[in-house]
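Trainee: Keeping the supplied structure of chain D fixed, place chain H upon it in accordance with the hints.
Number of protein chains: 2
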Amino acid sequence: MKPRLLEIRKGVLEKNDLLAEGLRARFQAAGVFTLNWVSSPGTGKTALLEATLKQMREQGQRVAALVGDLATENDAHRLARSGAPVRQIVTGGNCHLEADMIESHLARSGWDLNDLDFLFIENVGNLVCPSSYDLGEDLRVVLLSVTEGEDKPLKYPSMFNSSDVAMITKIDLAEAVEFDRAAAYANLETMRPGLRVFETSAKTGRGLTEWIAFLAEQRAARLASRSQG
Amino acid sequence: MKPRLLEIRKGVLEKNDLLAEGLRARFQAAGVFTLNWVSSPGTGKTALLEATLKQMREQGQRVAALVGDLATENDAHRLARSGAPVRQIVTGGNCHLEADMIESHLARSGWDLNDLDFLFIENVGNLVCPSSYDLGEDLRVVLLSVTEGEDKPLKYPSMFNSSDVAMITKIDLAEAVEFDRAAAYANLETMRPGLRVFETSAKTGRGLTEWIAFLAEQRAARLASRSQG
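One line per chain: the protein sequences are D and H, in this order. All the letters of the first sequence, read from the start, carry residue numbers 45 to 273 under the numbering used here. All the letters of the second sequence, read from the start, carry residue numbers 45 to 273 under the numbering used here.
Same shape as in the complex, but just chain D:
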């Protein structure tokens, strides 16, 4: 039975890739820079995203967020405190977001993509399933908290290998958990040579300014390449 299952899975992925390409074209046409945040449960995605949305809004950036979870709308409520438009995608049993969920929730959101500069997608907390699903994002960001162990890049190769940026979170706890920074960086570099790494703390705000400046640069570069292309 395995080959048949694999074949169907391949079909599901191909369909997802086509939808993701359509989304990517729409995002680029509207000038929306889109990020797909992936990580284990509990790395602090929501806390960091809330802080990011808040600071970016204060700087006049037009931001919105879609947030995926198996169950509960808790994260959407938390993110909404930033003042940004937010929609929860409850996936039921599904351990990842798929392009068609993004498409249908955007349609139902009533958001005009032309009114947005950045769209943040917070994926389901899972270091395996989301790696195969393109959501049409410009940047895939993998979060790794100092509390979960420096070896995670080696143990979840496809997630780290498919990401464009790594974010080390909860850096305020580094000392308490004896975080081995050199080992973490070496393992990230092994999995994805040249990966850009940020260190942040949603609690103290550390690293946020640099991170947000990076996002603005990335969007500007994308817009410039579009106008040339």
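In short, the hints are calculated from the structure, not lab data. Mixed in with the good hints, there may be bad ones.
If several chains are the same, the list does not tell them apart, and a pair holds so long as it fits within one copy or across any two.
Claimed, not checked - Lysine to aspartate or glutamate pairs mimicking EDC-like chemistry, simulated, CA-CA at most 20 Å apart: (1) 247 to 219; (2) 98 to 243; (3) 247 to 195; (4) 54 to 224; (5) 247 to 222; (6) 59 to 144; (7) 98 to 261; (8) 54 to 195; (9) 98 to 61.
Mentor: Okay, now just chain H, sitting in the frame of chain D:
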């Protein structure tokens, strides 16, 4: 395409359940008490398992472990320091262990189940996929670290609902991360009323004595019910 995929998945699960029942019968016949440890990546499963194996061996218990990961044999090397027999199951892309992997690795291990009192299975770090796969265990243990947030039981309902015991890990960090014990217990109780909860720290050893005494009791109760049955 969805119904067809679901149907095949159902077939895979039914096959897994049959194999798991076979394993359970073998474990019970041999008097091996078996645990399936599930959690997010980075909750400290391996550290706690290493400490558990070490202490149980010192008490004369005959213990062994199977440990699953997508990639690397790191965890088997770590666990082997306890002196217990250990085998790594590298799942490739698979985000969970399945009964047939347990069966084939036991066959290749050369272990005689009659020589074991406890078999520990450390699943792949994932709060979604492993929940549907019975491995023939007597007890499913879900680990939740104080660093990952008290809301996880609500967000990963099937994993917490299908577990028999919850282990709150890294309790030594509770203060540093402002762990809300009452909220964590309330969320666990909501998902699985009556769930037995332990608090442990592999670093300080806290909670280990109580946990190991509980395992010995559980095995004794299982053996007593078998001799009556």
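Trainee: For this structure, which hints from the list above don't hold up?
Mentor: When the structure is compared with the hints, numbers 4, 8, 9 turn out to be violated.
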